[in-house]
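> Listed here are the chains, written in short residue letters.
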Amino acid sequence: MNIEDLNSGMKHNGFKVPENYFEHLDERVLQQLPRKHKPGTLFLPLMKKMSIAAAIFLASGIAVFLYQQNKQNTLSIDNANIAETEYQEFQNNIEINDDELTEVLSNQFVDSLYKAEVLSVSQSSDSKTNELESVEEEYSPLYEIEI
Amino acid sequence: MILEAFKTISDHELMSTFVKEQKPERLFCELIARYKVKVYWQIRRILIQHDDADDVCQIVFIKLWQNAESFQFNSALSSFIYRIAYNESITFLKQKKRFQSFNDLLDADGHYAKSIDSGMEMDGDQIAAQLQKALLTLPEKQRLVFNYKYFEDLQYDEISEITGTSVGALKSSYHYAVEKIKKYFNFD
Chain A
0 MNIEDLNSGM KHNGFKVPEN YFEHLDERVL QQLPRKHKPG TLFLPLMKKM SIAAAIFLAS
60 GIAVFLYQQN KQNTLSIDNA NIAETEYQEF QNNIEINDDE LTEVLSNQFV DSLYKAEVLS
120 VSQSSDSKTN ELESVEEEYS PLYEIEI
Chain B
0 MILEAFKTIS DHELMSTFVK EQKPERLFCE LIARYKVKVY WQIRRILIQH DDADDVCQIV
60 FIKLWQNAES FQFNSALSSF IYRIAYNESI TFLKQKKRFQ SFNDLLDADG HYAKSIDSGM
120 EMDGDQIAAQ LQKALLTLPE KQRLVFNYKY FEDLQYDEIS EITGTSVGAL KSSYHYAVEK
180 IKKYFNFD
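The listed protein sequences derive, respectively, from chains A and B.
Going by numbering that gives the first Met the number 0, the first residue of the first sequence is number 0, and it counts up by one from there.
Going by numbering that gives the first Met the number 0, the first residue of the second sequence is number 0, and it counts up by one from there.
Hints are supplied without guarantee of correctness; some may be wrong.
[Unchecked claim] In silico BS3-like cross-links for lysine-lysine, where the CA-CA straight-line distance does not exceed 30 Å:
no.	chain 1	residue 1	chain 2	residue 2
1	A	K15	B	K182
2	B	K37	B	K179
3	B	K35	A	K15
4	A	K15	B	K93
5	B	K95	A	K15
6	B	K37	B	K132
7	A	K15	B	K62
8	A	K15	B	K19
9	B	K182	B	K170
10	B	K62	B	K19
Since the hints were made in silico from the structure, they are not lab data.
Could you build all of it, start to finish, from the sequences and the hints given here?
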């Protein structure tokens with residue numbers, strides 16, 4: 000008898016497993032994943048709202064960014080005509096506190112994956128705080144940008 | 000759940016689609032289906048007891064779900080998953096050691112040997128049970144490589160990817176493991 004005979008060629012390791020263990024394993028794993036809704040019921044409509052919110056943040060971020068760029072370009076060309084203090088005031092008004100932003104967003108999202116995505120979009124844009132809150136509640140289009 | 004459509008796509012394609020489509024459940028089900036048996040048995044052979052293996056097996060698939068984006072596609076998906084399984088099993092063992100004061104040998108106080116003898120974990124095949132007890136007398140690294148090489152039939156380079164041990168060290172460990180098992184059973 001040599002070592003290969005130990006398992007009659009089947010590599011059977013001798014451990015026993017509860018009946019139907021593997022059949023039930025899938026469901027038990029899925030239940031622990033960070034999803035609170037079954038796809039197709041509440042989860043999907045919520046997903047759509049998040050996508051819309053993310054798109055709006057992105058759009059507003061780009062709009063405000065372009066506006067700022069435009070204003071900065073004007074400053075460098077026409078420096079004497081625009082008071083430095085006025086510009087600073089404008090800058091301060093549109094900056095929002097990161098903590099406030101986090102708090103507003105974290106109450107709205109079910110899935111933390113999407114929170115991370117939207118936060119990174121928002122942080123790169125200088126959006127107005129009150130407009131953000133109205134977007135959170137209504138998912139409606141933002142203010143008109145005046146250029 | 001209709002999974003036939005995903006049965007034929009490669010592991011890499013499955014994984015890539017899974018990440019791109021933001022981890023849909025139906026694709027994750029296919030991942031579980033492909034790997035649950037192999038992963039479970041690799042863990043069970045390390046941890047001996049079903050309940051422990053069950054806990055770690057679930058952790059492994061949850062970690063796979065969480066870390067899907069970090070798969071590099073420059074190696075086999077199997078290695079990626081088996082590596083998670085290996086790391087989680089070792090972590091689990093180390094935590095248990097803290098509670099039960101084991102020394103470097105896994106089963107210094109015969110705890111696992113006793114659970115094998117109790118019959119709770121085994122299916123009645125006496126020779127298989129004896130082999131498991133023999134393996135528990137080996138240093139952990141030898142027992143591990145024996146399981147991967149003998150029971151899983153993995154190649155040394157895949158075992159190396161999974162465990163982080165060099166191929167040379169693995170070959171050496173396996174050689175010693177086989178010699179000791181033969182002695183244990185009084186083979187020639």
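> Would you mind marking each hint as holding or not holding in the structure?
Results of checking the hints against the structure:
1. A:K15 / B:K182: The given pair, whose Cα atoms are some 26 Å apart, holds under the 30 Å limit.
2. B:K37 / B:K179: Status holds; Cα separation ~26 Å.
3. B:K35 / A:K15: holds (16 Å)
4. A:K15 / B:K93: Satisfied, since the Cα-Cα distance of roughly 24 Å is no more than 30 Å.
5. B:K95 / A:K15: holds (22 Å)
6. B:K37 / B:K132: holds (22 Å)
7. A:K15 / B:K62: holds (26 Å)
8. A:K15 / B:K19: violated (38 Å)
9. B:K182 / B:K170: holds (19 Å)
10. B:K62 / B:K19: holds (18 Å)
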